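Engineer: Those protein sequence lines, which keep their order, are chains A and B.
If you're matching positions, the first sequence starts at -7 in the numbering used here and goes up one per residue.
If you're matching positions, the second sequence starts at -7 in the numbering used here and goes up one per residue.
A portion of the hints provided could be inaccurate.
Since the list gives no way to pick out one identical chain from another, each pair is judged satisfied if it fits inside one copy or across any two copies.
[What the hints assert, rightly or not] Listed next, the in silico DSSO-like pairs over lysine-lysine satisfying Cα-Cα at most 27 Å (straight line):
1) K277 - K115
2) K293 - K281
3) K293 - K115
4) K277 - K183
5) K183 - K61
6) K277 - K61
7) K277 - K329
8) K306 - K103
9) K329 - K183
Think of the hints as simulated: they come from the structure by calculation, not from any bench.
Model, not experiment: these values are computed from the prediction.
Protein chains: 2
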Amino acid sequence: MNLKSTSCIGFALSFGMLSCSVGQKKEAPGNEARRWAIALHGGAGTLLRSQMTPSRDSAYRASLDLALKTGEAILSRGGSALDAVEQTIAILEDNPLFNAGRGAVFNQNGKVQLDAAIMEGEKRMAGAVAAVEGIRNPIRLARIVMERSPHVFLCGAGAREFGIEQGLDTASADWFFTRERWEQLQRQRAKGKSGAIENAAHPNDGSFGTVGCVALDQQGLLAAGTSTGGMTNKREGRIGDSPVVGAGTWADNRTCAVSCTGHGEYFIRLALAHELHCRMLHGRKGLEKASGELILQDLSKAGAQGGLIAVDGKGRIAMPFNSEGMFRASSNGRSRKIAIYRE
Amino acid sequence: MNLKSTSCIGFALSFGMLSCSVGQKKEAPGNEARRWAIALHGGAGTLLRSQMTPSRDSAYRASLDLALKTGEAILSRGGSALDAVEQTIAILEDNPLFNAGRGAVFNQNGKVQLDAAIMEGEKRMAGAVAAVEGIRNPIRLARIVMERSPHVFLCGAGAREFGIEQGLDTASADWFFTRERWEQLQRQRAKGKSGAIENAAHPNDGSFGTVGCVALDQQGLLAAGTSTGGMTNKREGRIGDSPVVGAGTWADNRTCAVSCTGHGEYFIRLALAHELHCRMLHGRKGLEKASGELILQDLSKAGAQGGLIAVDGKGRIAMPFNSEGMFRASSNGRSRKIAIYRE
């Protein structure tokens, strides 16, 4: 690990870092601060800036700040990247402003079907769920699929049953109902549009979105997670990129942890999250360059909108997007950022 | 748009096939023979050689031969790689010897839930379905998800409904019932085992398996497809690697088309199919070397068994596996191979 090649990290790093390679790790001698970093997103393809009111803007920023604080508290105390990712995403899932958990969009049948994935970068263990109904925090379900089942990926009723068996909180249709999302469905229905492709032309009406978090902990471990309600008016059972390990979510300590947001079908066809990892590992590109190329060139060329957040093993963070905005926040304990548009 | 979506197509395909491929290219000048190639598999983790009887061995080889002929007939007449992949896999799905379609394993609830994916290498369009019940040929469903829906990936009842809307053949529980698979479920239940991880220790009891096909057509296009019933006694809603684009299935004209088989959870965590593509594209390795390393080194090191079939743009074929056997066949019109063990 090269101490000096940090990009947004400042310089107050202790020598303890020198001994921290992938995996294991002895504690830093004494109480020296060790490096950590976190980034989160609340979706790309946000409201157009022209439609954003000051009070809405404030509400979003306060929500991003609250979620960020959750992750910062875990990481600054030496907690794990996996815990930071899970807890930060759970906060965003419980917030009706974002398209995940409580604020999720409705599918063509007026149902909320949720997708989520989580992955850690040491052993590359992963858990994912798709088209799950009635589980309050799909990110927690993804984590217990990873830790307590022999499987990686569960969908539908089977995923819900597993969550209930394992004691996760359920939630009723009332919990998931938000007037704004219901009205979005009615507008989509009125247009006779059924999901993905048509939405690509105007992704800024808020009819899709995602939440995600990536983290580097003081032990040098990376983790990533993503959670979403998918796209308004999507088909029953539609799975986007978020729960597809390698498409919307990926983590590998050798390279980076990444969570994507945007028009999921394109992210699956590009295997975008894993592609970032490969350009770093096999193509020997840095995080910033590789992620920028993927979003600003490849995704744009494919005609799709979206973005990603990623962190590498040195705590460098990249948050490229090609849409008008992306709700996002990041911190490493010394510098903090909360943003929506290009600002 | 498959010309004739008959499953036992034999050889009566017209020259109309030439005009029905996705993103088709100019015709070859004159009638010069152009290169094509196909490979298929019927699963790794096959019956132990010690348990294979001569009549069973013959039945498997005849089945592989029949499926191979289907693909050869399409490709040798100038048909598309996508058609060859779909039709070849449909033949294997209809054959009760293989764990896909008719011969699929039962899950923990005694249900047959099917996964499949298909992908073409020019525009990297893809379609996938997971945990689908009652559709005779999931590979055809994956193809129409790709071609006639705005989505890439559908699961459960929503996937089935889409297939029925689109006029696909359904099939009853009787069609899918095979005594051997039912007895496998009872044996697993008696052992108190629920799927994936435990099976890894003894994958040769035939309780898992997959079918897949990859092809290069005379227009230089690649395609890949995979179809499976998953693992005996799997959880309701469990999704393996087969329908996960980038894990069990991938195609890109710049590198290769690949279909995997084996312990799916590990293939997802390695994003194995897309990793092969990346080692070729970014790591500049050849098909043989990259696929051999992945299966014989990386997969083995992860403690899992399985294999893959892959073809590159020059018609080179690789079929590495680290299990005792892998049902497989390949052809390029000049040389033909049908094999089960290392032979």
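Engineer: Could you run down the list of hints and mark each one as holding or not?
Structural biologist: Results of checking the hints against the structure:
| no. | hint | verdict |
| --- | --- | --- |
| 1 | K277 - K115 | both (23 Å within a copy, 25 Å between copies) |
| 2 | K293 - K281 | within (17 Å within a copy, 31 Å between copies) |
| 3 | K293 - K115 | between (34 Å within a copy, 12 Å between copies) |
| 4 | K277 - K183 | neither (44 Å within a copy, 49 Å between copies) |
| 5 | K183 - K61 | neither (40 Å within a copy, 47 Å between copies) |
| 6 | K277 - K61 | neither (31 Å within a copy, 44 Å between copies) |
| 7 | K277 - K329 | within (25 Å within a copy, 41 Å between copies) |
| 8 | K306 - K103 | neither (41 Å within a copy, 47 Å between copies) |
| 9 | K329 - K183 | neither (38 Å within a copy, 54 Å between copies) |
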